[in-house]
Amino acid sequence: MVSSTTPSNASAPGAPEPNPPFVPSATQEQIDERRRVFDALRALDPASLVSRQEIRDALLERHGAATQAKLDAASVAICGCGGLGSTVAVALTRIGVGHLHLIDFDVVDMTNLNRQQYSLWHVGLPKTEALRQVLASINPYLDVTCDQVKVDDGNVRELLENDGIVAECFDVPENKTFLVNAVLETFPDKPLVSASGMAGYRSSNLVTTRRVARNFYFCGDGETAPKPGAGLMAPRVGVVASHEANMVTRIILGELDA
Amino acid sequence: MKINGQDVALDGATTVDALIAARGLDPRRVAIELNGNVVPRAQRATTQLKDSDVVEIVSFVQGG
Numbered sequence: 001m002v003s004s005t006t007p008s009n010a011s012a013p014g015a016p017e018p019n020p021p022f023v024p025s026a027t028q029e030q031i032d033e034r035r036r037v038f039d040a041l042r043a044l045d046p047a048s049l050v051s052r053q054e055i056r057d058a059l060l061e062r063h064g065a066a067t068q069a070k071l072d073a074a075s076v077a078i079c080g081c082g083g084l085g086s087t088v089a090v091a092l093t094r095i096g097v098g099h100l101h102l103i104d105f106d107v108v109d110m111t112n113l114n115r116q117q118y119s120l121w122h123v124g125l126p127k128t129e130a131l132r133q134v135l136a137s138i139n140p141y142l143d144v145t146c147d148q149v150k151v152d153d154g155n156v157r158e159l160l161e162n163d164g165i166v167a168e169c170f171d172v173p174e175n176k177t178f179l180v181n182a183v184l185e186t187f188p189d190k191p192l193v194s195a196s197g198m199a200g201y202r203s204s205n206l207v208t209t210r211r212v213a214r215n216f217y218f219c220g221d222g223e224t225a226p227k228p229g230a231g232l233m234a235p236r237v238g239v240v241a242s243h244e245a246n247m248v249t250r251i252i253l254g255e256l257d258a
Numbered sequence: 001m002k003i004n005g006q007d008v009a010l011d012g013a014t015t016v017d018a019l020i021a022a023r024g025l026d027p028r029r030v031a032i033e034l035n036g037n038v039v040p041r042a043q044r045a046t047t048q049l050k051d052s053d054v055v056e057i058v059s060f061v062q063g064g
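Sequence lines, in order, name chains A and B. So in this note's numbering, spot 17 of the first sequence is number 17, and the numbers just go up one at a time. So in this note's numbering, spot 59 of the second sequence is number 59, and the numbers just go up one at a time.
Think of the hints as simulated: they come from the structure by calculation, not from any bench. You may find that some hints are simply not true.
Straight line, CA to CA, 30 Å or less: simulated DSSO-like cross-link-like pairs of lysine-lysine [as the list claims (entries may be wrong)]:
{"#": "1", "chain 1": "A", "residue 1": "Lys70", "chain 2": "A", "residue 2": "Lys227"}
{"#": "2", "chain 1": "A", "residue 1": "Lys150", "chain 2": "A", "residue 2": "Lys190"}
{"#": "3", "chain 1": "A", "residue 1": "Lys150", "chain 2": "A", "residue 2": "Lys227"}
{"#": "4", "chain 1": "A", "residue 1": "Lys70", "chain 2": "B", "residue 2": "Lys2"}
{"#": "5", "chain 1": "B", "residue 1": "Lys50", "chain 2": "A", "residue 2": "Lys70"}
{"#": "6", "chain 1": "B", "residue 1": "Lys50", "chain 2": "B", "residue 2": "Lys2"}
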């Protein structure tokens, strides 16, 4: 991720010390071993671990056939695979959402691990590729499509037209705003769940899900951006990501109110 | 006019763009719903607001 969770290192008098910038310090052996582990995991034949039927049976025991049928048929675009998107994707994978479309242009950074669903052997890899492997280790039989691209007005229609629900999971405010506007303008009948305001460790009780318009949902506290000492952290980002994932699930299962 | 659930007096002719500016908001960080439909970005400068309108302004901050 290019943008920093500590937006400015300039300190005013009495301001907290800026966070020390992260400098990678892995040895070449460690870097090579991470790659070896990832390649080995990716090369695993999923059928050698579990059959499609066994995973289905486990999901059916939890959800029942009627609910699972709806989850199977659903298709969700995860726009951004960072703290929000990777967490939403894992949750939806666990409940067996049939089709996930992962969109992110970025690579995994060690500083992502404080909130994103990646492991050590993913550092340096494209997020879509890494997330695909994370999801496959939970349920390798779901349909996962990846696009390692930046979304803009030129490609948004083609990218999202086959996805039934869009989860906005970007980080930069202008990009989040662009995507929300573009989806609402281009696909007025497609449910869109967006999120904003999730930094630090303010109360979880400030986080809500709001149905802003017929197909437009907004999760978060709406205001808390990262600042020194209170950046994006797994627990609170997770609260908002779960709000998003649960709203997507509600839509899939026919509950359209927030 | 209602904005985010609050009654607001409409001060003369105003466009969506003017409303965004009057509230000190960054147009690149907001989405505007008017009577349940998004105001397309290209139409913000020409969409006029009236007393009976229901407006939702959603703004986005860093993080995700």
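Numbers of the earlier hints that this structure fails to satisfy, in rising order: 1, 4, 5
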